[in-house]
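Chemist: Listed here are the chains, written in short residue letters.
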Amino acid sequence: MEKTVSAESLWSDLEKIRKISPLVHNITNYVAMNSTANILLALGASPVMAHAREEAAEMASIAQSLVVNIGTLGPLWVAGMLKAANAAKRKSIPAVLDPVGAGATKYRTQTALRLMKTGAFSAIRGNASEIMALGGAKAATKGVDAAHQPEQAFECAQKLAAETGAVIVVSGAVDLIVRKDRAARIYNGHPLMAKVTAMGCAATAVTGAFLAVNPDAFSACANAMALMGICGEIAARDCAGPGAFQSAFIDAVYNLKQRDIKMRRG
Amino acid sequence: MEKTVSAESLWSDLEKIRKISPLVHNITNYVAMNSTANILLALGASPVMAHAREEAAEMASIAQSLVVNIGTLGPLWVAGMLKAANAAKRKSIPAVLDPVGAGATKYRTQTALRLMKTGAFSAIRGNASEIMALGGAKAATKGVDAAHQPEQAFECAQKLAAETGAVIVVSGAVDLIVRKDRAARIYNGHPLMAKVTAMGCAATAVTGAFLAVNPDAFSACANAMALMGICGEIAARDCAGPGAFQSAFIDAVYNLKQRDIKMRRG
Amino acid sequence: MEKTVSAESLWSDLEKIRKISPLVHNITNYVAMNSTANILLALGASPVMAHAREEAAEMASIAQSLVVNIGTLGPLWVAGMLKAANAAKRKSIPAVLDPVGAGATKYRTQTALRLMKTGAFSAIRGNASEIMALGGAKAATKGVDAAHQPEQAFECAQKLAAETGAVIVVSGAVDLIVRKDRAARIYNGHPLMAKVTAMGCAATAVTGAFLAVNPDAFSACANAMALMGICGEIAARDCAGPGAFQSAFIDAVYNLKQRDIKMRRG
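As you go down the protein sequences, you meet chains V, D and R in turn.
Sequential numbering of the first sequence, starting at 657, is according to the numbering used here.
Sequential numbering of the second sequence, starting at 657, is according to the numbering used here.
Sequential numbering of the third sequence, starting at 657, is according to the numbering used here.
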């Protein structure tokens, strides 16, 4: 594993987030809103949710990063997402896209591609099926849960990275971080994470917070995914099930210390 | 109690849900979305939320069941609900309706009736006041909480069942399951369930998961309500209050074993 | 501290809420909906969420109080908020406004002022930055988190109170309750409350419940804020972090006894 995804780099980013408390502007889905806000607060960031066309650009302009997630999209929301993305691009505010359910319906695939083409996003995080759908593979997504493993999406991720210049994150049991010329894998995590809704959405929002403090998008993405995985492992200890896991995860993020950061090597 | 609502039937359905992980398409309210998704995941199902007219029919068509809940309705959402219901009917995908707040406002009553008349729903679950409102009784609903007991709604439920061919579930301290020619009661449950928001919505979503694996709607409804009640009883043990109950309930669903399934007989 | 914000007054209001279970109509944001509903249920109130223009006035008319929160606003929602506010005013139903993010974008500031001008609101609760923005101060809000302390908003709160006749609540480490001719401070609370999303929104909703049983808006606001602070202190005991705090807070509200009500004096 490269130095940019080291424990030192993660800790350094986390300290910055806790110190600066970056304003992270989220246009995200109804399922994820509450847990996303709580995980960002536990991380030390300052989340704001604002989707309306009437204010999306203005809010994105005062934020340190933008998170766009199409999990429960509709036409008015897509309009706000486009306005926010364009504002972020104009102001060079880092942005991350979560193409939830791309491949499951035409509307989701097309909206994700349309957002991607704004050129605003320096990172795109999805599961394998979503990334394959955006990369043009004829992959059937089953709703919003992945029907594929990250490694099956490797070529699509590379293709997307080359087309967009963005870092592509394919999350799963082992997360893939892919840039045009580079790839890394994050081995941290726990199976209970897949049993709690919106953990993928949380990973995208956390990536937004890391992008706000780390100008190297590849490193920011890797650190965000490693933090998610490490906190998932901590939360899963002595845990009765996904209900208890949820609050334990938030507490793990809130209490994370440098000595807790142990990156797994596969 | 009849064989179709036996512990054996419930366990058999639950094993199927855990094995098949049916895709349950939810168009539900903002309050319930997160907890509904988490309870469906804990159950072993694969939830997806998608409300927009632009994709509701397509999403319903790839699902194993559809859940429509009018808890926080608006015109664009109702349009999506109708599209999803019609698609489910065309494709013979089982569907369940939750008429939240029917009787409280004209808009809710009329929307519930309009959805009901699509003929898409093989099950309708509500509290006594809601079922009475749909059955034409002059019953005052107090917001979204019931002002009546299930037995007071028995005749309305029978009338609705005869009119629609659907199984009518009236939930309360003792749940009523009513079909044209048949009725059953579920005695499991705990008073704390009424102190947590969206537990009724969760019951409807869980019914959706059971409908996905059990072609007998009466049995599916009874098993879903029994599972809710049993998990409520388990979660309430050593529980400080409704806050702790929420995550204990999710863990009870996730960990439910055959030996835990004890149906009460009143 | 005045008698109206005494432990006796708080307990008397709480007993009434638990006995009457007032219907509290909320038009609130997506982030806060679930936790708001659960906190109102734990308090003993009966929450209902309904935002659509098609039913907002009718729902407000059958409620015992109205809570309007602009946390995730959009044009259709603002239309519903105005209808509900006007209906509440016509029927003399007490109402409270939460101007989330006023000052962060023009849309939020203008919408909050527009709602305020309906004259429907007997209470307005915000953080210091929001109240300063409504009071005309050139204060920069950072998203939805306060960039100022309540005392910095004192003059703006007095000005707003004089203009509107409403009680102005400025929440923070020490909460300010301000009326034209009067002010009080609530010293209860815990820093973890700022680490959980929508605790401010919950304070506004709880204020709605107190307004439903206490015709003295100043006293209702003070009691609501004291209850929040006291329950925050109880919940924070032996608490691993903001995740555990959330459910502990709900349980503290649910279990609050007269002997637990100890108002701090700074």
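Since the hints were derived computationally from the structure, they do not count as laboratory data.
It is possible that part of the hints are untrue.
Because identical chains share one entry, a pair is satisfied inside a single copy or across any pair of copies.
[To be verified] As a list, the in silico DSS-like pairs of lysine-lysine whose alpha-carbon atoms are at most 27 Å apart:
| no. | residue 1 | residue 2 |
| --- | --- | --- |
| 1 | Lys918 | Lys773 |
| 2 | Lys747 | Lys794 |
| 3 | Lys762 | Lys913 |
| 4 | Lys794 | Lys913 |
| 5 | Lys675 | Lys773 |
| 6 | Lys918 | Lys815 |
| 7 | Lys913 | Lys773 |
| 8 | Lys672 | Lys762 |
| 9 | Lys675 | Lys794 |
| 10 | Lys815 | Lys675 |
| 11 | Lys747 | Lys913 |
| 12 | Lys762 | Lys918 |
| 13 | Lys851 | Lys815 |
| 14 | Lys675 | Lys836 |
| 15 | Lys913 | Lys836 |
| 16 | Lys913 | Lys851 |
Chemist: Each of the hints needs a verdict: does it hold here or not?
Modeler: Going down the list of hints, with the structure as the test:
Taking CA atoms no more than 27 Å apart as the test, lysine 918 paired with lysine 773 passes in neither setting, with 37 Å inside one copy and 55 Å between copies. Taking the shortest Cα distances, lysine 747 and lysine 794 sit within 27 Å of each other only across copies (23 Å), while inside one copy they are farther apart (36 Å). Taking CA atoms no more than 27 Å apart as the test, lysine 762 paired with lysine 913 passes in neither setting, with 43 Å inside one copy and 40 Å between copies. Proximity of lysine 794 to lysine 913 under the C-alpha cut-off of 27 Å is found in neither arrangement, the shortest distances being 43 Å within a copy and 39 Å between copies.
For the homomeric pair lysine 675 and lysine 773, neither the shortest alpha-carbon distance inside one copy (33 Å) nor that between copies (39 Å) is at most 27 Å. Proximity of lysine 918 and lysine 815 under a CA criterion of 27 Å is satisfied in neither setting, with 31 Å inside one chain copy and 54 Å between copies. In this assembly of identical chains, lysine 913 and lysine 773 lie within 27 Å of each other by CA distance neither inside one copy nor across copies; the values are 39 Å within and 49 Å between. Within a single copy, lysine 672 and lysine 762 get their C-alpha atoms no closer than 40 Å, and across copies no closer than 30 Å, so neither meets the 27 Å cut-off.
In this assembly of identical chains, the alpha carbons of lysine 675 and lysine 794 lie at most 27 Å apart only when taken from different copies (25 Å versus 44 Å within one copy). Proximity of lysine 815 and lysine 675 under a CA criterion of 27 Å is satisfied in neither setting, with 36 Å inside one chain copy and 35 Å between copies. For the identical chains of this complex, lysine 747 and lysine 913 are neighbours neither inside a copy (34 Å) nor across copies (53 Å), given an alpha-carbon limit of 27 Å. Proximity of lysine 762 to lysine 918 under the C-alpha cut-off of 27 Å is found in neither arrangement, the shortest distances being 40 Å within a copy and 45 Å between copies.
When the C-alpha separation of lysine 851 and lysine 815 is checked against a cutoff of 27 Å, the pair qualifies neither within a copy, at 30 Å, nor between copies, at 40 Å. In this assembly of identical chains, lysine 675 and lysine 836 lie within 27 Å of each other by CA distance neither inside one copy nor across copies; the values are 32 Å within and 39 Å between. Taking the shortest alpha-carbon separations for lysine 913 and lysine 836, neither the intra-copy value of 33 Å nor the inter-copy value of 48 Å comes in at or below 27 Å. In this assembly of identical chains, lysine 913 and lysine 851 lie within 27 Å of each other by CA distance both inside one copy and across copies; the values are 25 Å within and 18 Å between.
In the structure shown, a violation is registered for the earlier hints numbered 1, 3, 4, 5, 6, 7, 8, 10, 11, 12, 13, 14, 15, in ascending order.
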